[in-house]
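S.K.: Protein sequence lines correspond, in order, to chains A, B, C and D. Sequential numbering of the first sequence, starting at 1, is according to this note's numbering. Sequential numbering of the second sequence, starting at 1, is according to this note's numbering. Sequential numbering of the third sequence, starting at 1, is according to this note's numbering. Sequential numbering of the fourth sequence, starting at 1, is according to this note's numbering.
Hints listed in this document are in silico derivations from the structure and should not be mistaken for laboratory results. All of these numbers come straight from a predicted model, not from anything done at the bench. Incorrect hints may appear among the rest.
Below, a list of computed lysine-lysine pairs in the BS3-like style, where the Cα atoms sit at most 25 Å apart [claimed, not checked]:
(1) C:98 x B:529
(2) B:245 x C:36
(3) B:386 x B:101
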Amino acid sequence: MENIKLTIDNKQVEVPAGTTILEAAKKINIHIPTLCYMSLNDMHIENKPGGCRVCVVEVEGRRNLAPSCATQVTEGMVVKTNTVRVLNARSTVVELILSDHPADCLICAKNGNCELQTLAQDLGIRKITYQGEQSTYREDTSPSIIRDVDKCVMCRRCEMMCNEVQTVGALSAINRGFNSVVATAFEQNLEKSTCTYCGQCVAVCPTGALTEVDHTRQLIRDLADPNKVVVVQTAPAVRAALGEEFGNAPGTLVTGKMAAALRRLGFDYVFDTDFAADLTIMEEGTELLGRLNRFLAGDKDVALPILTSCCPAWVNFFEHSFPEMRDIPSTARSPQQMFGAIAKTYFAEKIGVHRKKLIVVSIMPCLAKKYECQREEFATDGDPDVNYSLSTRELAHLIKQSNIDFNHLPDEDFDNPLGESTGAGVIFGTTGGVIEAATRTAYEIQTGKTLKKVDFEELRGLEGIRSATIDFDGTPINIGIAHGLGNARKLLESIKDGSNKFHAIEIMACPGGCIGGGGQPFHHGDSSILKARQKAIYTEDEMKTLRKSHENPYIIKLYEEFLGKPLSEKAHQLLHTHYFDKSKKEIFID
Amino acid sequence: MATYKYHLLVCGGTGCKASNSEGIITALNRTIEEKGLENDVKTVTTGCFGFCEKGPIVKILPDNTFYTQVKPDDAKEIIEEHIIKGRKVTRLLYTDPETKKHVSDSKHMGFYQKQIRIALRNCGFLDPENIEESISRDAYQALGKALTEMNPQQVIDEIKKSGLRGRGGGGFPTGLKWEIAAKNQADQKYVVCNADEGDPGAFMDRSILEGDPHSVLEAMAICGYTMGANKGLIYIRAEYPLAIKRLKIAIKQAQEYGLLGHNIMGTGFDFDIEMRYGAGAFVCGEETALIHSMEGERGEPTFKPPFPAQSGYKGKPTNVNNVETFANVPVILLKGAEWFSSIGTEKSKGTKVFALAGKINNVGLIEVPMGTTLREVIFEIGGGIKDGKKFKAVQTGGPSGGCLTEKHLDTPIDFDNLLAAGSMMGSGGMIVMDEDDCMVAMAKFFLDFTVEESCGKCTPCRVGNKRLYEILDKITKGEGTLEDLDNLRNLSYVIKDTALCGLGQTSPNPVLATLDNFYDEYIAHVVDKKCPAGACKDLMNYYVIEENCVGCTACARACPVNCISGERKMPHHIDQTACIKCGTCMEKCKFNAIEIK
Amino acid sequence: MSSVKIKLKKTDVDKLEEVCNSFNNDPGELINVLHKAQEIFGYLPSEVQEVISSKLNVPVAKVYGVVTFYSFFTMTPKGRFPISICTGTACYVRGAEKVLDEFKKELKIEVGQTTADGKFSLSCLRCVGACGLAPVVMIGDKTYGRVAPDDVKEIIKTYNDL
Amino acid sequence: MAKITSLNDLRKIKDDLQEKIRLRENAESPDSLAQIKVGMATSGIASGAKEVFNFLVEELQKRNISAVVTQTGDMGYSYAEPTIEVTLPGKPPVVFGWVNITKADEIIEKYIRNGELVEGIIPANYKTIDE
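Isolated chain A, as found in the complex (with noise of 0.2 Å):
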């Protein structure tokens, strides 16, 4: 491609034609305040409204500023971007917005990390000139997601991420001009819409008008309850991003910090959710193997592909979008409910504590979980498998509250008997991984052969849909693979008209899987971010001396000493579920 020269801030720069101004300066360390633009461009994702002005810059030539995100540069394009114009536009800009803004920063969910805040304060704003009416709109909490409107700034990320990424449709532009804000059909609250909990409104949100449901305090209360017993499992995407809240570089794994962290925090039990994602490996691929060699033997009947049941957002979306294709996932509840349905039978049986007062807590890279252990199928006489869910950023909130000094801490081990994981549990947190880990040990059972290479890089990468074929001994297995849940309404499509055929195949909600889920620390549109939390996944995979989920001891103890074997009866009323039809809308016909 050709390249375009030109001059910004006196400074000369060659980019290629096609680039923005926005980008060009970048390439020169010229860093153009931004607020609605948003580009994970790993993933293919980008916000570029170029609605909020934030980024305008003067171009020679050119009547009024230029928005430097959505301009491209042109031949001996001369651009400034400080100048008094600039600066005063920019600042007025900064200040209208604030000027329709609650000014509650201190109490704000999102302060310390808010993007409104921080180009308040880089811009210098001391007072708002403006002022005038605000717009008020009520406030929706829903199981996962708290909307506050009022501090929605149009930047539509929200909407962005909704409708074109994940397709879900719950979030909409209404209303115009001063009246205009995202929100949900007919300002309805979240719990009545399509909304799937995945979170990603919330993790690209610059402020705090979408924020998640905060649950540290009920368990600051339980941990300091004498009478209960409180266990806390942590998903594998958790370890890979924790540390960048306290200042670590993306991708340092804080594992053994995080267990300490926990256990300093007055957790009872500190074990891991990679144990049940290793239980979810033996019945999902078991129940992966029963419908293969139906299949192989002939059963028409059989429902292939069989999908992957673990992301509490995709079970979302096919109940409300695909709910004639619910046969087709695999039964395996999620290793969030094997762990809770486990620990609150199997595990306080060994302790001998009763269900109700052993509290199991859960630390998810995800908004999703919060709502999925309310689910009133995951409750024996109303008392929930998993009590509550917190995400990572509610976990390091609360280490900073106790006053743990996390990056001093020692490394330590998660306790037993749930807490001993193999590889192949770690990399559920990315996308790949759980069909990695399915793979590795379907092919052992099915071929009753040991696998020299454990890697299987061709269901590794970013992409947004992924296929491949593994030969299983002779056998041709075809897997695919989505994640954002845009991608995985396409893969269904491809399914349900015929133009794919897979055996399997795995869909998480959020892009880049669980390392990008809706709880995560905020990436704030640099995708390096997950790409680093990614290769930390599977280095953490690569440490590990057992890497295949049937070789975890502690599993193999539980089928011998519970379970008795996978899909067993036990299995099946602890450890799977059913899906139901949510597509149905009420509307009312006389």
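Starting from the known structure of chain A, fit chains B, C and D onto it as the hints suggest.
M.R.: What follows is chains B, C and D alone, placed relative to chain A:
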């Protein structure tokens, strides 16, 4: 075939229809039948004559007698007197406000004398629901000429040479626009006619569509030929039912005649036109917003580039022109670029249609050569200010424009001169204001409009205009400060400089123009807490003129808040702190003893 | 937005689905479909938007986003005699505001509301293109020109007697 | 209606249809056409003005002569009725008296077509009647 001796043209434009022009036609036809004149006299429902102030209009041909404010009851007299006896019905003739004389022939009326009608050439002349009448007036001749005698580039060159510029507001050279669209290769392209006229107070597009739909259809087909598009879309306001109806009839008739559709005039060129409806959003006049709206989306504009010529409707190259622009095209091709460019000024060729309204005697639709002065338009064509009041300002360009004053009256109107004077052409709304209009309130009125019509996508327009409005509101309530005036100016500049689309970029114009031209009036509101025009309610006070007051107590008894006191037969007094300024006292007083200050 | 669920008539729903089908259930035709739907129902209650959403396969949030963007679409039922006051510039300078105030006062409702008896609703229009008759008021399809505040009582009375 | 399949088709149809609005077209540009006013007050009609009027309208059209024929009230020459006033482009108006069909035919052929004067001109101090 009967040879009619008389054609009675009755205006069927929206304004006249609203005043029951249909009833007039019924009555005329009934009388014609009664008198057995069916073979001599023909009635025709035409598009708008333009002289809306005096509507409904009935024009008698061949003698060009122009009857104004006709009622159905007048039909009988018109037939009996004028048609049968050859005597004009004097009381229905237009009276020149200056000479007080009746004017019978429209050609001798001040309103029409300075006009040159190109875009409006057929309005008030043809029955828009009858394609044959249009064909007899050269409809589709230009298309035929283009298809058979010219290649697309030659057509584009002719339009370029004519100097035609977009009449929707931007003034972009039309030929150039077509050329860009022609150069972008694609399997499918679109021609869009923007009939979503949003200016409050501009109705020329509606009148053209109602009065001469075929000229627009023909021009769209010509445009399609030049750029290689075989599909046209008309985006029209749903609030224009009559225009929609006539367009539908016109499209159907053109299809039946083979002038639209497959293989037009045997040339192998296909072109068809569909309708798309707006739903009440001013911003959809902006072409990218319009395109999104046609795609079933919220009508929010997007950043250009890409321009619609590159990626427009459904991502395909799309050319958008407004109604008036299209209406000029067939004439240019038939009469030639040279003829067209001989009219107008150096950089603005041809004519411009204006919707003349407000405090003016002759409200209506006019078409004048570019370069006509505001004075000619307001005082000669428009007949001056209503009720003998003093001219104060004229607002051009609608909510995007500015207010021009006395000192601009001799400015020849064209795209560039209006811009230089701090206003703009816009789509051609021209609202005349007199001494009773407060310019701060006027600016507030336009900002109120912008705030309501802003799409909300970009910050400066969404929040900035709201803040401008709030400051203006404060000032009209007497709560403004001098600092507010500086803030108004700074914010206006920032909005102009940073807003995403044309609507936002021009929305502060009414504020800046009034600040520039009527700063004294702002000062009066802010410093003296007075509204010189007496229009801002909050700045007015009611007082009793003691000399006139006879103490009849009528005002005190009528006052809803009991703030008037006084002895019987003694001058009364109004308690200013309690007065709600409802004006009841003034209404009730029979002695002119209440004044507003 | 009212949270009361209303019932739609089966025949009306059929008609609406018919409309969607006539536009090939093309999401790009959303605005055309909404126009037709408003013709059928007089307004666009949430239930109607739900039906359109599922027929056109457009998220209902987006349908709502479009409905609330355009002033022509309404989610509140109009009165039997919908009153629209033109507040275009020409009407404004000739006193439309005072006429509007008078209607508000007489009917005791604000713009966008409907009287309790369902008889009248009040809305504003931006220029109906009859500037020669300014100020203009439309009631249903009937246009009233050169309306003075004093005429308002009389105008309302003619409809009250209907 | 048969479809128009060529530009020539369109032109032909246009020519055919033009008659229908010729009256309007002519009225648009009165200064470049012959203008004929027929005195049609009651006395004029009684003496046959109506027949003359109809004859003029129809014959001018048949003979393809563009002219505007209108009727007007009493011209003030009751002794000479029916009277017609003919104004050729760029010439002062001329009033003819005692016009019958034969005379009208002569006026069309000689005066209107060729500008030759015909007998019967009323040379009075004539004033155009217009409001």
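S.K.: The structure should be examined with respect to each hint, and the outcome stated for every one.
M.R.: Status of each hint after checking the structure:
{"no.": "1", "hint": "C:98 x B:529", "verdict": "holds, 23 Å"}
{"no.": "2", "hint": "B:245 x C:36", "verdict": "holds, 15 Å"}
{"no.": "3", "hint": "B:386 x B:101", "verdict": "holds, 18 Å"}
When held up to the earlier numbered hints, the structure conflicts with none and fits them all.
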